[in-house]
Amino acid sequence: MKGTNIGEFEELVLLTVAALMEDAYSVSVCDELSEHTGRTVKLGVVHAVLNRLEEKGLLKSELGEATKSRGGKRKRFYQLTIQGKNALVQAKEMRDQLWERIPTVNWSKI
Amino acid sequence: MDLKSRHQPPKWATRFINWYCKPKYLEDLLGDLNEYFERNLASKGFRYAQLVYVIDALKFFRSYTVKTPEFFNLITNSIMIGNYIKTSGRSLMRNKLFSFINIIGLAISMSVGLLLISFLMDLNSYDQFHENADRIYRVTNLESLKGEPEIKYPTTSLKTGKILREQVSGIEKVGILRDDFSGDVLLGNNSFPIKGFWAESSLFDIFTFPMLEGNPATALDHPYSVVLTESAANKFFGIGSAMGKAINLDSVDYQVTGIIKDIPFFSHLKFEALASLSTLEQIGVDGPDFENWTDSYSNFVFVLLKENADKRLLDSELQTIADHENQLVDPNGNSVRDIHLELLPMNEIVVGEDLARSEGLHYQVPHISTAVLWFLVSLAILVIASSCFNYTNLSLARAMRRFKEIGLRKTIGANKSQVWQQFLIEAVMISLSALFLSLILFLILKPQLINMAPGLQTLIKLDLSPKVFILFVGFALLVGVIAGVVPALIFSKVNAIDALKNVSPVKVFNPMSFRKTLMVIQYTFTLIFITTTVIGYVQYKNILEFDLGFTTENILNINMQGNKPESFMEEMRAIPEVVELSKSTIVTSIGNAWGGYMKYSSGEDSALVMTNPVDENYLNLHQYELLAGGNFKMYPVDPGSVREIIVNQELLRRFQIAGNNPEQAIGEVVTFSNHAWQDREMTIVGVIRDFHYGKIDNQIEPVAFMFWTPENPLMINAKILPGDIQGTLGRIKEAWNKVDPSHPFQASFYKDAIEQAYSELSVMIKIIGFLSILAISIASMGLFGMVVYTTETKVKEVGIRKVMGASSLNLIFLLAKDFIWLLSVSAFVALPLTYLFFERYILTNFPYHEPVRLFELFAGLIAVILIAFLMIGSQTIKASQTNPAKVLKSE
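Heads up: the protein sequence lines correspond to chains A and B, in order. In this text, residue positions in the first sequence follow our numbering: the first is 1, and each later residue adds one. In this text, residue positions in the second sequence follow our numbering: the first is 1, and each later residue adds one.
Since the hints were made in silico from the structure, they are not lab data. Careful: at least some of the hints might be erroneous.
Taking lysine to any residue and the SDA-like style, the derived pairs with C-alpha atoms no more than 25 Å apart in a straight line are [unchecked claim]:
no., chain 1, residue 1, chain 2, residue 2
1, B, K24, A, F77
2, B, K67, A, F77
3, B, K245, B, P210
4, A, K56, B, K59
Could you put the whole structure together from the sequences, leaning on the hints where they help?
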């Protein structure tokens with residue numbers, strides 16, 4: 001089950017890639033994450049995680065078109081694979097199930 | 001976008017990423033960093049953006065981004081190496097002359113490197129066999145005579161040793177080694193010479209001299225005990241039976257209480273026997289004051305520091321002790337001698353600072369000064385560099401022929417690093433084959449070097465151990481890389497299209513100025529070498545033939561070795577070839593000294609004066625020039641009644657006696673003290689012209705001759721007739737054997753003794769001379785290669801010029817002018833440098849030297865130019881004599 005078990009940050013990155021749709025490459029993922037989580041996310045970390053997720057088969061990537069910015073270097077765009085999507089869904093389901101187990105009465109006591 | 005084009009991320013950081021990053025990630029990673037860079041550039045400025053870029057470049061150096069050597073590349077490389085070796089071999093065979101020059105040149109210079117490596121390894125292995133080698137220190141005495149610079153002695157007083165043992169923390173063990181337990185051991189009717197030290201048992205705790213029999217903890221505790229080395233014990237008593245027996249030395253019996261293993265060659269202490277120091281207290285050979293703080297010329301004190309000793313604390317403790325002791329010796333604080341102590345690590349004893357050698361210290365510590373060592377190292381490096389330059393130069397010159405090959409390789413798919421590797425491998429191949437030759441040379445040169453000076457025989461062995469051999473191979477690889485790196489880099493940059501398009505390599509890259517620079521440097525070195533040799537040799541000859549102020553012609557000095565002179569002199573007088581005889585205590589002008597303190601008027605301080613107790617015939621035999629007064633009139637036998645002295649002019653100047661007037665100085669009275677007698681009043685009976693008592697590198701000092709009395713050592717000076725010197729020597733030897741059959745005859749001619757005294761200089765000159773011959777042959781070979789190359793490339797030009805009517809002389813000039821120009825540049829740099837080096841640094845040590853003459857300065861240059869012309873001439877004449885029709889026909 002190694003492939004489907006993902007950590008918290010990995011989940012966030014996967015979600016962001018999914019949310020950004022066609023425009024998910026390392027810098028944009030990094031910016032988006034920083035904006036939504038409110039913490040500074042380092043490029044190095046994101047880069048490493050993207051790479052790891054690709055190795056796990058949860059993401060796939062391809063190089064985009066060359067542009068004049070970025071010193072003429074192409075971007076590497078990421079997309080979710082089926083496994084990636086499954087992993088996210090599975091994670092969400094697991095959480096939902098756990099949420100449902102919390103009785104409302106109990107919840108309000110805290 | 002102006003801002004952007006001016007402000008780029010730092011190139012080197014980008015190159016760094018290019019170098020380490022897997023190609024898969026490279027592009028988008030660089031793009032990302034670039035994007036960040038631009039963003040930071042806009043918001044935070046250029047510097048900040050740069051900084052972040054650099055930090056990120058470093059941060060992305062991670063396991064997943066870093067290139068792993070790809071399996072495929074490894075395979076191609078290993079396949080290609082076979083191919084490189086093959087093509088390199090072919091090109092070596094094709095250019096036999098170049099290969100020959102390269103291999104021979106490298107082999108010659110590498111043999112120097114090999115000698116140096118094994119020399120350094122030998123020096124480095126000194127005293128390393130002691131288990132605690134890094135914690136062993138020797139006490140150095142720093143003495144300052146009033147108003148004079150500090151002198152460092154390797155010896156100190158017995159008292160120092162005792163104080164260190166009792167008072168100083170941080171020291172685990174103290175061991176005293178006193179000079180000169182030596183003489184002839186009597187065993188039955190035989191006598192064996194023995195050399196050793198007075199020592200303490202604690203030395204066995206400090207040093208690692210494994211004891212085979214006996215107890216190291218107590219072996220040297222009791223008086224009259226002796227510890228022998230295994231081979232000494234076997235020599236005296238046969239194998240395995242020495243323990244407990246007695247040896248007799250100077251009519252004292254010593255009991256053998258221990259046998260140690262023989263001392264390793266690489267020990268700075270070499271001895272056959274150690275006698276207990278406590279014996280000395282019993283027999284009191286050195287008089288009552290040998291335990292004084294100031295009696296410091298015969299004792300080595302070794303200390304073993306504790307593991308965690310604080311060296312600075314120790315130094316300050318030593319300072320306190322020395323201050324206290326100086327105070328005790330001289331409470332008024334106007335002491336003539338001030339002594340301070342220092343600790344010298346054991347590994348700086350053999351290679352390290354030069355220490356003064358006190359008179360009367362018999363043991364000669366093997367030593368070479370760091371400065372001399374560095375000098376030798378740099379000379380060797382220059383010679384090696386010179387042959388590396390040859391390789392570089394010739395390879396670049398040959399570039400034309402390899403050009404197509406490189407182009408083809410690149411077209412087929414070789415990348416830069418592969419071309420680069422190929423040429424490095426080629427250079428390394430050459431240097432490895434040169435290593436083989438240079439090993440043979442090394443084996444030939446090794447005995448020459450070792451036998452060059454007697455000091456070297458006991459200092460080094462230059463044995464080939466596996467460790468040394470590995471260093472040799474490493475050295476060969478290094479030389480190959482250094483020689484090959486420039487051609488390899490230049491070749492790897494060749495553009496495949498240019499190479500195949502038949503563009504001349506000269507147009508693609510122009511290494512000509514680089515090659516010229518190398519040649520100028522090479523010839524500058526060579527000229528410096530050869531000029532140094534010539535000047536050094538001439539100066540050395542001047543020193544040997546220097547007018548010392550007396551004659552040394554045909555004088556044989558015979559060491560009496562403690563025998564009474566009368567019967568020997570009787571025998572000598574019977575030999576008709578012995579014309580004159582005299583007695584003296586020491587032989588002067590070869591570095592020996594015999595001194596005492598003199599005082600003229602009562603108010604003044606006493607000053608050190610050099611003396612030589614001699615007999616009434618000495619001055620005559622050596623033809624000293626008397627300026628006033630005459631010879632000794634009294635011939636006393638008791639040191640107390642010696643009342644006459646003969647002094648030199650410098651002594652009058654030093655003490656301001658009678659206004660420096662020799663005539664008036666006669667009859668003046670001075671007081672003289674030495675170890676034998678205090679405050680003798682002496683009358684000046686003669687004044688002689690100044691002469692060189694010390695070596696020529698010393699200033700002329702005040703000297704006084706006084707009458708020889710039997711408590712002094714004795715040299716017999718015999719003037720013999722020239723002619724059958726060998727026969728005369730044989731007869732004198734016979735005479736000696738009649739008088740003293742047990743000691744070998746010790747004598748040397750004055751001239752030889754002087755030559756011996758400057759043997760260091762002659763060794764230096766021999767080494768530099770040898771290296772300069774190597775340097776000049778290497779440089780000449782290089783030049784020859786270049787000339788061959790130039791004439792080959794210009795063969796058509798020469799043909800055309802010849803057809804047009806140029807004369808042979810014109811052609812020679814055309815081909816040679818470049819080289820002449822280079823040589824003149826080298827001469828212009830080298831000659832003034834050498835001249836200044838000698839005048840400013842070397843000859844200032846010799847106050848009485850002759851100036852450097854123009855001839856000496858230019859002799860080397862002339863030789864080099866002659867050789868160069870010979871080579872240039874031979875090639876150009878060959879080129880100019882070829883039939884132009886032949887050359888021009890083939891197009």
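query = Regarding the pair K245/B and P210/B, is the alpha-carbon distance no greater than 25 Å?
reply = With Cα atoms ~20 Å apart, K245/B and P210/B stay inside 25 Å; holds.
message = Check the hint pairing K24/B with F77/A against an upper bound of 25 Å on the C-alpha distance.
response = At roughly 14 Å apart (the allowed maximum being 25 Å), F77/A and K24/B satisfy the hint.
query = When you check the alpha-carbon spacing of K56/A and K59/B, does it fall within 25 Å?
reply = Holds, at roughly 23 Å.
ask   = Holds or violated: are the alpha carbons of K67/B and F77/A at most 25 Å from each other?
value = Distance of about 22 Å is within 25 Å: holds.
In this structure, none of the earlier numbered hints is contradicted; all agree with it.
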